[in-house]
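Going by the working numbering, the first residue of the sequence shown is number 78, and it counts up by one from there.
To be clear, the hints were calculated from the coordinates, so they are not data collected in a lab.
Some hints could be false.
[What the hints assert, rightly or not] Each computed DSBU-like pair below joins lysine-lysine, with the alpha-carbon atoms no more than 35 Å apart:
#1 K109 / K248
#2 K285 / K269
#3 K182 / K248
Since we're looking at a predicted model, the values are computed, not measured.
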Amino acid sequence: MISFFIPQIISNSLDGLYVVGGAVRDLLLGRKPVEYDLITTSPLENISLKTFAPSNNGKTVGIYYKGVKYDVTHYEDLYEDLKRRDFTINSMAIPVEKDGKLNTKNIVDPCNGKDDLKNGILRTFKAQNLFQDPVRVIRGLRFIAEENLDIDPPTLIAMRKAIKYISQSAKERIFPPLERFVNGRYFSKAHKIAEEINVETYLSFPTKNLEKADFVEPSCRWSVIFYKTSSFESFVKRVFPPRRVIHQVKRMAFLASSVENNNWEWTVRIKKDELFCLMELLKSFKIPHEAVERYACSVIEISPLDLKKIGIGGKDIARVMKMLWKEILSSNLSNTYEILINEARKFKK
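Could you put together the complete structure from these sequences and hints?
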């Protein structure tokens, strides 16, 4: 296990201090945690180094110290606190000494989370833990996708039942674990569980394209998942995805539809940084994409300024550029300035 320390400015002022949750999981897997969840028996008022406003109804205080975030929560009974957590792999605690050293020889593990982590099992200590916070169901999908876990059958049943109540959760809490599920290395394994627990019904998250998304770069998966579906607007209302995801899904749908329908509008609308995801989408749906490949390797030898010089302006610039691109990518026209400028004159109204 990697050895790390909690800053003494934190550990020295708090009693009954433990590292819990994902940081323990990461340490056991030999990874450096990016943030730490801490619990203490001390009143949160004792924490002088507060850099975030209290969250979780005032039960958690955030500290950002030397580039690392620490969330500190008060607890009364350690074992009960751990037994209430989402999954056993997150129900372990490592004592923190006053000097900040982690006492890894005395890990508190009332739910056998260490064994479950070693054996690659996703299990909840009791089904009620998922019903208390249905977003934990999505967190379960995330852990399967990121850690390649197998799901415990009773936990699968509990997830299938608990997700029915996810509409009662704050919408802004749903997307972060959902995106980590979508971006996960073992997405193929996790989305089979997503289908089993019926995420489509309760989140408007379509499942018909998930197998296509298996083979797509994670950063492009959202556009593949929602292409040619009718559920995106409902999904947005239920999950509150960030603007970047909304933009990607809508832009890729427009561009891919333009390519598929032989509408050359995409040639004058696409941005260079959109080409990769467009290609990923087209390949996943087996849409002919040779023209897009040629476009990606081409630089047209004429500019909008050149068109203005011969009297083409306004909306006609995009119209003529589109026509020129069509002829170039169809191999009907040589991509040289003289040929293109002469052809442009023909298109001039």
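Hints versus structure:
1. K109 / K248: holds (30 Å)
2. K285 / K269: Cα-Cα ~11 Å, so holds.
3. K182 / K248: violated (40 Å)
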